[in-house]
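**Q** Since the structure of chain V is already known, use the hints to place chain U on it.
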Amino acid sequence: MAAVEMKSVGAALLSPERIQSTAVWMGTVLLAAWAGVTVPGFASSANISAIMYSTSAVGIAAVGMAFITLSGNLFMLSMGATAAVSTIVFASCLHLGLLPSIAVVVLVGALFGLAQGMAVGVFKTNPIITTIAMASIITGAGSFYSGGLTVVGQGDASWLAIGRMAGIPNQIVLFLLAALVFSFIVERTRFGRELRLIGLNPKAAHFTGLRVGRALVIAYVLAAAAAAFAGALYGSQAAQGNLKLGAGLDFDAIAAVLVGGVAIKGGQGRILDAAIGAVFLAIITNILLLKGLSLEIQLIVKGLVVIASVILGALALGARK
Amino acid sequence: MSTATLLRIALLIALIIVFASWNPAFVSGRNIYALMQSFALLGLVALGLSLTMIAGEFDLSVGSMVAVGGLLTLVTGESNLAYGMCVAFAFAVAIGAANAFVVSRFNVSSLVVTVGSMMALSGFAFWLAGGKVISTDNFDPGFALDNPILTIFSWRSLITLAAFLLAGLFTRHTLMGRDIRVIGSKRLVAAASGAKVGLSLFIVFIISALCAAMAGSLLSMSLASAAATTGSNLMLQAVSAAIVGGVALSGGSGSPLHVLIGSLILTVMNNGLSLMGMGATGILFANGLVLMGIVLLDGQLGAWMSERFAASRARHSA
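Residue numbers (the working numbering), protein chains in the order written: chain V, 1 to 321; chain U, 322 to 639.
Fair warning: there could be bad hints in the mix.
Calculated cross-link-like contacts (lysine-lysine; reagent style DSS-like; alpha-carbon spacing at most 30 Å) [to be verified]:
{"no.": "1", "chain 1": "U", "residue 1": "Lys507", "chain 2": "V", "residue 2": "Lys265"}
{"no.": "2", "chain 1": "V", "residue 1": "Lys244", "chain 2": "V", "residue 2": "Lys291"}
{"no.": "3", "chain 1": "U", "residue 1": "Lys507", "chain 2": "U", "residue 2": "Lys517"}
{"no.": "4", "chain 1": "V", "residue 1": "Lys265", "chain 2": "V", "residue 2": "Lys124"}
{"no.": "5", "chain 1": "V", "residue 1": "Lys291", "chain 2": "U", "residue 2": "Lys453"}
{"no.": "6", "chain 1": "U", "residue 1": "Lys453", "chain 2": "V", "residue 2": "Lys203"}
{"no.": "7", "chain 1": "U", "residue 1": "Lys517", "chain 2": "V", "residue 2": "Lys265"}
{"no.": "8", "chain 1": "V", "residue 1": "Lys291", "chain 2": "V", "residue 2": "Lys203"}
{"no.": "9", "chain 1": "V", "residue 1": "Lys265", "chain 2": "V", "residue 2": "Lys203"}
{"no.": "10", "chain 1": "V", "residue 1": "Lys244", "chain 2": "U", "residue 2": "Lys453"}
{"no.": "11", "chain 1": "V", "residue 1": "Lys124", "chain 2": "U", "residue 2": "Lys507"}
Now the stretches of chain U that chain V is said to cover, found in silico as 3 or more residues with beta-carbon under 8 Å [as the list claims (entries may be wrong)]:
{"no.": "12", "region": "429–441"}
{"no.": "13", "region": "609–622"}
Source of the hints: derived by calculation from the structure; they are not laboratory data. Just so it is clear, CB atoms sit at the ideal spot from N, CA and C, and this is done for glycine as well.
Chain V with its partners taken away, still in its complex shape (with noise of 0.2 Å):
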C-alpha cells in the first residue's frame, strides 16, 4: 500500500506539469549543499540570514505574481511600481505606529489592485499594457504626494526590519506565512479552483458559469497588497521611502514564478512553487555575490536563467504531446 502510495507520489512529481518544478526544489537543495561545502562563507549564519532577508520580501511579491501567473494573464508589470511607492506611504505614516502603517500600505495596494482587477477583469483589457500604465499613472502619483523626495519614517520598525523569532527572522516568517495563506487560498477554496479553471481555459470557464470577472478582481487585489507588503519589508528595513527602494520587484518576482514552475499559460503550477523560486534565485544571487559578481551580472544571469526556465517548460509541455 505505502509502496503504491510513494509510486504514484513519484509519478505525480515527474509528470510534465510537475517535472520543472521538481527540478528547482531538488535543484535549490543540491545548489544549497553544494555551496555550503565549496563556496567560502556561504554556511556563516551572517550569509544565511542575508540570503533570508534578501528571499523575504520578493518571495512575498513572487506568491502574489502567482495568483496573476495562474490566472492566465501573465504578468503584473506594476508591482515594483506598487512597492515603491508602498515605501513612501510606510515610511510617511510610521508615526502612527508599525501596525497601522502596515494596514495602511496593503490598503493602498488592494486598492491598486481592485482598479486594475477591475480594469483586466470586468473589462477585459490587455492585463500587460494595463499593468505597464498603472506603474506609471502609480509611480505619477506617488512622486507628486513624496515631491520626488525621500521621506523618513518617524517610528520604531525595527520589529518588521531586523526583529527575530527563535532566531528566524520577522520576514521571512511573514513569508512562510504569506506562502501558506496563499498556497491554501488556490488549493482548497473555491476562488482558487476557479482561479485556475479560468488559467486553464478563459471561454470553457466563462460558458459554465465561473464568476471570471470576480476571481480576477480578487486575483489583482491580493498581489497588489503582496506586492505592498513587500514595499512595508523594504521601507521598515531602510528606514525610509522613496520611488527607488523596490523598484526593481517586477524582474525578481517573474523570475521567481518562472523558474518556480509556474506554466506561463495559465492554470498550472503551485503558489509554493513561487516561493521556492524565490529561494532558489536567492540563493544564486547570494553565491555570485560571494564570488565577488556585480550586481550587474547578477541581473544578466537572472534574465538568461528565466529564459533558460521558459524554454525548459515549453519543452517538458512538448514531451507531453
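**A** Then chain U, alone, in the frame of chain V:
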C-alpha cells in the same frame, strides 16, 4: 484613408491648436525643432515595436535595447563611432534573432521571452556603463546629426521619417509585409495558406531590436554620452504611440502611417505639457492615464460603446 485615421489626424491638429493658443511659443521654429528631436527618438522605437505588435507579438525589451545600443556605440566606438554603431546594430540583430528563435521554435509567448531579454539586456547595459555615464569627446557626429535642416528638421529626425517611409513601403508593397499582417490576425490560417510565419517573426523582431538600438545609438552620438537608464520609460511611450495610432494589441491591424501619427500625437502632448511647466513624472503620469484610457477603449468598454453608437445610428436612420 479611413475615418479612424482622419479622426487621429484631426486629434493631432486639435492638440497643436490648443497648445499653440495656450502658448504661442509652441509653434515657434525652435520648439518644433525640439519636438521633432524627441520624435526622432520615440518614433523609431515605436515603429520597431509596432511591427511586432502588427505581427501579433510584443517586444518588451525595446527600452533596454535603447540603452544597450547607445552604450555599445560609445564603448566600442571610442576611436571610431561608425564602428561602434556597426557593433551596436550587429548586436541588435543577434538579440532580435534570438528573441524570434525562442518565440517561434518553442512556441512561447513573446511577452515572456522578451521579459527575460529585457532583464538580461538591462543587466548588460549596467555592466557596460559600470555605474557611470559614458561620454565621448567626439562631438562632431552629434553636431552633424542635430544641425537644423529647414529650421525644424535634423538628420536625426529625417532618419526617423525615412525609416517610417521604408517601413510603410515594406509592409504595404511586399509579400513579406502582407505575411506580417496576416500572421498577426490569424496565425494558423496564415501558416496553412503558406505565409512564412517563422521568417516573418525573425524579421519583425530583428527590425524591432534594430530600430531601438539605432534610436539609442543616434541619441548617444547626439548627446555625446550614454547611460544605462536611458530609455527606461521609452517602452511605455512607444506602446502608447502605437496604440494611440491605432495598432491593435490583438495584432493584425495598423500600419507605419498609423504609428507615425500616434508618435506625433504623443510627442506633441508631452512637449506641450512640458511647455506648460509639467515635470518628467507628471508627464509619465499623463502618459499612463492616456495608455490606461486606450486599453479600456481597446477592451470591453470600447466594444460596448461602439455597439451603443451603432445602435443609436440604426435608430436614427430608421
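**Q** All hints are to be evaluated individually against the structure, with a verdict given for each.
**A** Results for each hint:
Taking the CA atoms of U:Lys507 and V:Lys265, the gap is near 19 Å; set against the 30 Å cutoff, the hint holds. Annotation: proposed proximity of V:Lys244 to V:Lys291 holds, straight-line Cα distance about 26 Å (limit 30 Å). For the suggested pair U:Lys507 and U:Lys517, the alpha carbons sit about 13 Å apart, so the restraint of at most 30 Å is met. For the proposed pair V:Lys265 and V:Lys124, the alpha carbon gap of about 17 Å is at most 30 Å, so the pair holds.
A distance of roughly 23 Å separates the Cα atoms of V:Lys291 and U:Lys453; the hinted pair therefore holds under the 30 Å criterion. Between the alpha carbons of U:Lys453 and V:Lys203 the distance comes to roughly 50 Å, so the proposed pair goes past 30 Å and is violated. Note on U:Lys517 and V:Lys265: the hinted pairing holds, with a Cα-Cα distance of about 25 Å set against a maximum of 30 Å. For the hint pairing V:Lys291 with V:Lys203, the CA-to-CA distance comes to about 49 Å; that exceeds 30 Å, so the pair is violated.
Pair hint V:Lys265 plus V:Lys203 holds up; C-alpha atoms about 14 Å apart against a cutoff of 30 Å. For a cut-off of 30 Å, the pair hint linking V:Lys244 to U:Lys453 stands: about 17 Å separates their Cα positions. Between V:Lys124 and U:Lys507 the CA atoms are separated by roughly 20 Å; this keeps the pair inside 30 Å, and the hint holds. Residues of the region 429–441 of chain U lying with their CB closer than 8 Å to a CB of chain V number 11, which satisfies the three-residue condition for coverage.
With a cut-off of 8 Å between beta carbons, the region 609–622 of chain U has 10 residues touching chain V; three or more are needed, and the interface restraint holds.
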